[in-house]
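Colleague: Each chain, letter by letter, is given below.
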Amino acid sequence: MTDVTSIAISVGFMALLGSVLAMVLILANKRLFVYEDPRIDDVEDLLPRANCGACGSPGCRPFAEGLIVGTFQPAQCTVNSKEANKLIADYLGVDLGAENKRVARLACAGGSHVAFIRASYAGLNSCRAAALVSGGGKGCAWGCLGMGDCAVVCDFDAITMNKYGLPIVNEDRCTACNDCVEVCPKDLFELHSINEQLFVACKNLEKGEEAENECEVICTACERCAVDSPEGLITMQNNLAVIDYSKNDLASKVAIERCPTGAIVWFDKQGGYQVGKDAKKIIRKEMLPIG
Amino acid sequence: MGLFNLFRRTKTFKHGVHPMAHKEQTAHLAIKRLPFAPKMVIPLAQHIGAPAVPLVKPGQEVVRGEPIAEAGGFVSVPMHAPVTGIVRSIDQLVPTAAGPKTPAIIIETYEASRQEVLYGLEQDLESLSREALIEAVQASGMVGLGGAAFPSHVKLLPPEGKSIDTLIINGCECEPYLTCDHRVMLEQTDKLLAGIRTIMRATGARQAIIGVEDNKLDAVSKIREKLVKDDAITCEAVETKYPQGAEKMLIKSLLNKEVPSGGLPVDIGVAVYNVGTMAQLGELIPQSRGLIERVVTVSGPGVSKPGNYLVPIGTPLRFLMEQAGSSSDANEVIVGGPMMGMTVASLDVPVTKGVSGVVVFKEENEDQKNRPVYPCIKCGACLDACPINLNPSMLGQLASVRQYEVMETDYHLKDCFECGCCSYVCPSNIPLTQYFRIAKAINRETKAVAA
Numbered sequence: 001m002t003d004v005t006s007i008a009i010s011v012g013f014m015a016l017l018g019s020v021l022a023m024v025l026i027l028a029n030k031r032l033f034v035y036e037d038p039r040i041d042d043v044e045d046l047l048p049r050a051n052c053g054a055c056g057s058p059g060c061r062p063f064a065e066g067l068i069v070g071t072f073q074p075a076q077c078t079v080n081s082k083e084a085n086k087l088i089a090d091y092l093g094v095d096l097g098a099e100n101k102r103v104a105r106l107a108c109a110g111g112s113h114v115a116f117i118r119a120s121y122a123g124l125n126s127c128r129a130a131a132l133v134s135g136g137g138k139g140c141a142w143g144c145l146g147m148g149d150c151a152v153v154c155d156f157d158a159i160t161m162n163k164y165g166l167p168i169v170n171e172d173r174c175t176a177c178n179d180c181v182e183v184c185p186k187d188l189f190e191l192h193s194i195n196e197q198l199f200v201a202c203k204n205l206e207k208g209e210e211a212e213n214e215c216e217v218i219c220t221a222c223e224r225c226a227v228d229s230p231e232g233l234i235t236m237q238n239n240l241a242v243i244d245y246s247k248n249d250l251a252s253k254v255a256i257e258r259c260p261t262g263a264i265v266w267f268d269k270q271g272g273y274q275v276g277k278d279a280k281k282i283i284r285k286e287m288l289p290i291g
Numbered sequence: 001m002g003l004f005n006l007f008r009r010t011k012t013f014k015h016g017v018h019p020m021a022h023k024e025q026t027a028h029l030a031i032k033r034l035p036f037a038p039k040m041v042i043p044l045a046q047h048i049g050a051p052a053v054p055l056v057k058p059g060q061e062v063v064r065g066e067p068i069a070e071a072g073g074f075v076s077v078p079m080h081a082p083v084t085g086i087v088r089s090i091d092q093l094v095p096t097a098a099g100p101k102t103p104a105i106i107i108e109t110y111e112a113s114r115q116e117v118l119y120g121l122e123q124d125l126e127s128l129s130r131e132a133l134i135e136a137v138q139a140s141g142m143v144g145l146g147g148a149a150f151p152s153h154v155k156l157l158p159p160e161g162k163s164i165d166t167l168i169i170n171g172c173e174c175e176p177y178l179t180c181d182h183r184v185m186l187e188q189t190d191k192l193l194a195g196i197r198t199i200m201r202a203t204g205a206r207q208a209i210i211g212v213e214d215n216k217l218d219a220v221s222k223i224r225e226k227l228v229k230d231d232a233i234t235c236e237a238v239e240t241k242y243p244q245g246a247e248k249m250l251i252k253s254l255l256n257k258e259v260p261s262g263g264l265p266v267d268i269g270v271a272v273y274n275v276g277t278m279a280q281l282g283e284l285i286p287q288s289r290g291l292i293e294r295v296v297t298v299s300g301p302g303v304s305k306p307g308n309y310l311v312p313i314g315t316p317l318r319f320l321m322e323q324a325g326s327s328s329d330a331n332e333v334i335v336g337g338p339m340m341g342m343t344v345a346s347l348d349v350p351v352t353k354g355v356s357g358v359v360v361f362k363e364e365n366e367d368q369k370n371r372p373v374y375p376c377i378k379c380g381a382c383l384d385a386c387p388i389n390l391n392p393s394m395l396g397q398l399a400s401v402r403q404y405e406v407m408e409t410d411y412h413l414k415d416c417f418e419c420g421c422c423s424y425v426c427p428s429n430i431p432l433t434q435y436f437r438i439a440k441a442i443n444r445e446t447k448a449v450a451a
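Quick mapping for you: the protein sequence lines, in order, are chains A and B. Under this note's numbering, the letters of the first sequence match residues 1 to 291, in that order. Under this note's numbering, the letters of the second sequence match residues 1 to 451, in that order.
Treat the hints as calculated values from the structure; they're not laboratory data. Do not take every clue at face value.
[As the list claims (entries may be wrong)] Below 20 Å or equal to it, Euclidean Cα-Cα: the simulated EDC-like pairs (lysine to aspartate or glutamate) are: (1) B:Lys39 to A:Glu210; (2) B:Lys101 to A:Glu209; (3) B:Lys440 to B:Glu408; (4) B:Lys305 to B:Glu225; (5) B:Lys101 to A:Asp249; (6) B:Lys101 to A:Glu210; (7) A:Lys207 to B:Glu363; (8) B:Lys440 to A:Asp187.
[Claimed, not checked] Examples of chain A residues toward chain B, derived with CB under 8 Å: (9) Ala8; (10) Gly123; (11) Glu206; (12) Gly208.
We put the beta carbon where it would ideally sit given N, CA and C, even for glycine.
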């Protein structure tokens with residue numbers, strides 16, 4: 001066999017093989033074709049692609065699919081700017097939807113200047129780790145341990161730790177993605193609409209003096225807020241005031257006025273909060289001694 | 001001896017570590033009774049399984065030994081009054097060693113309360129059927145006294161299709177500082193053997209092996225003296241090594257069998273009990289009494305009167321430490337041993353059925369502080385230490401990036417029993433065991449949410 005024929009054979013064989021495989025691919029493309037709405041890609045481009053899950057879908061692409069089917073409304077994406085959401089609404093020709101801004105709130109106000117620490121914890125710097133060592137050493141078994149697992153997990157830098165070891169939520173940045181709620185070993189974070197202004201910043205289930213021995217801003221279950229408010233709005237459950245948010249329209253500042261410790265607070269819509277007039281004033285700035 | 005050992009090696013398992021034993025402080029001290037604390041706190045969930053259900057009401061008078069709570073299910077045990085006194089309250093929020101507050105019965109001790117137990121009825125063990133024996137074990141409120149506090153009667157009933165062939169009695173006590181099992185073996189040898197014979201009858205086991213570490217040879221010879229010729233019970237010395245007292249390790253050492261991954265000893269026909277459990281059963285069952293006290297080693301540099309104390313269940317740690325002469329600069333209290341025990345944050349925590357020791361440290365002995373954590377240098381020391389041949393290095397790296405599910409599915413996280421050998425040897429001070437505890441806690445929670 002000459003060189004020329006062997007080259008011709010190999011070239012011919014490769015060409016044949018190539019075309020056969022190409023046919024297989026063409027057939028597969030025709031037979032197995034899945035139609036996908038091209039708008040999904042376009043809408044996804046307009047979304048932040050943070051995949052935070054705040055809207056309730058697992059990520060931005062499923063949210064985009066939901067937008068097109070109509071199960072979601074553009075305003076439900078709390079991470080996107082209003083303009084971008086408007087663009088999506090215009091592009092799809094749907095209603096923008098009512099924005100219901102939700103934020104994470106911490107149900108504990110016991111920083112190191114008001115809450116006693118009974119035993120100091122040494123070890124891995126994580127709330128989850130500390131919680132497994134006899135609860136973390138804080139006098140209040142329900143309180144914030146202050147090692148900032150929530151600040152680490154927050155994708156939007158919305159949580160910073162203050163000098164008393166309490167996480168502070170920046171409401172502008174918070175997208176209510178639920179990450180801090182999941183990471184907190186004491187289950188202290190709750191997601192609330194900014195219209196839900198009345199909030200109990202405590203989870204302690206002890207009563208009266210026993211509770212006050214552990215923390216100065218604790219809910220002592222004195223029931224004043226429940227008595228002062230319209231019936232059913234606040235109930236006492238296991239020595240803790242619990243707000244029924246389905247009756248949120250009835251909520252007013254009356255509830256916080258007579259709270260002796262300031263455990264129940266009123267959030268204004270700018271992100272700050274106020275306690276009642278009768279709440280004891282905390283002037284201490286330094287940390288309480290351990291023990 | 002070294003040359004001799006070449007030919008006849010002591011029974012042991014591979015890997016493990018050799019921490020300083022520190023047992024000389026209390027090993028020679030006989031078991032001593034402790035006075036009653038003025039207030040006893042008996043948590044309803046001292047064991048693994050469903051919490052007990054209280055039988056008493058506040059204001060009711062109880063006699064030492066009287067049942068005060070009944071079992072809340074099959075995997076649960078009743079509780080008995082440790083003192084004669086009056087039930088003050090059933091408090092919902094009593095601190096525990098683990099952290100979360102749990103319900104407990106509070107009993108105020110009468111000043112004239114005596115150590116003698118009047119409650120109970122003699123019963124003839126020979127006439128009892130197997131089922132009645134198992135019921136009697138549950139009624140005694142017995143749980144594993146080695147530390148796990150798993151209800152003893154549950155292990156007596158192997159699941160369908162399995163049977164118990166060998167009983168292993170764990171007298172290793174591999175944790176540093178603890179000597180309570182050592183003293184029990186020396187002082188309560190007869191009760192120990194009586195307990196073993198009862199349990200052998202209840203399980204139908206063919207043989208029983210008492211495994212004792214070879215730093216307690218006096219206990220081995222004491223037990224061997226009491227054994228009869230051709231006894232079904234034997235006593236073996238095993239190498240002194242941590243965690244020799246872990247049930248899977250002891251089975252490997254004595255029988256050279258491995259418990260399958262994710263399985264229980266019963267899968268290979270074995271049940272493991274602690275010597276303390278057996279000795280207590282040997283005493284309680286013939287008189288149908290309940291577990292109301294246990295031997296606790298109080299030791300460590302922070303106490304001036306260390307010892308092995310017979311402590312009523314429910315005694316607050318604060319009282320126990322006062323009795324043992326705890327110094328004012330004591331700053332760390334661990335219930336259980338220093339390797340696997342729990343540091344407590346509150347001295348109001350009571351002694352429960354699973355507490356085998358209380359170790360108290362002072363400031364100067366605490367060399368843990370300010371030890372910086374360095375990155376993993378992949379030296380493999382943890383692999384050589386892990387008694388169940390896991391890869392703690394890989395698991396640790398996965399934990400630091402929160403890949404908890406991968407740890408469980410691909411790296412057998414569930415087989416880790418948190419012995420702490422990997423953290424002990426790590427030259428970079430990585431808190432590996434703590435990482436694994438977090439991972440397990442989170443996986444448990446995820447599963448609970450999914451279910």
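Colleague: Given Gly208 of chain A was flagged as interface, is its beta-carbon under 8 Å from a beta-carbon of chain B?
Modeller: Violated - the Cβ of Gly208 of chain A stays beyond 8 Å from chain B, reaching only about 12 Å at its closest.
Colleague: For the pair supplied as a hint, Lys207 of chain A and Glu363 of chain B, confirm whether the alpha-carbon distance does not exceed 20 Å.
Modeller: 35 Å, violated
Colleague: Are the Cα positions of Lys305 of chain B and Glu225 of chain B separated by 20 Å at most?
Modeller: The hint is violated at about 32 Å.
Colleague: Would you mind confirming whether the straight-line C-alpha gap from Lys440 of chain B to Asp187 of chain A stays at or under 20 Å?
Modeller: 18 Å, holds
Colleague: Mind checking the CB of Glu206 of chain A against every CB in chain B and telling me if the closest is under 8 Å?
Modeller: 6 Å, holds
Colleague: When you check the alpha-carbon spacing of Lys101 of chain B and Glu209 of chain A, does it fall within 20 Å?
Modeller: 17 Å, holds
Colleague: Verify the proposed pairing of Lys440 of chain B with Glu408 of chain B, using a straight-line Cα cut of 20 Å.
Modeller: 8 Å, holds
Colleague: Quick one, is the Ala8 of chain A hint okay against chain B at 8 Å, beta carbons?
Modeller: 52 Å, violated
Colleague: Using 8 Å as the Cβ threshold, decide whether Gly123 of chain A counts as touching chain B.
Modeller: 6 Å, holds
Colleague: For the pair supplied as a hint, Lys101 of chain B and Glu210 of chain A, is the alpha-carbon distance within the 20 Å limit?
Modeller: 13 Å, holds
Colleague: Is the hinted pair Lys39 of chain B and Glu210 of chain A satisfied, with a Cα-Cα distance of at most 20 Å?
Modeller: Roughly 18 Å between the alpha carbons, so the hint for Lys39 of chain B and Glu210 of chain A holds.
Colleague: Quickly compare the C-alpha distance for Lys101 of chain B and Asp249 of chain A to 20 Å and report which way the hint goes.
Modeller: Not satisfied, since the Cα-Cα distance of roughly 35 Å exceeds 20 Å.
Comparing the model with each numbered hint stated earlier shows that hints 4, 5, 7, 9 and 12 do not hold.
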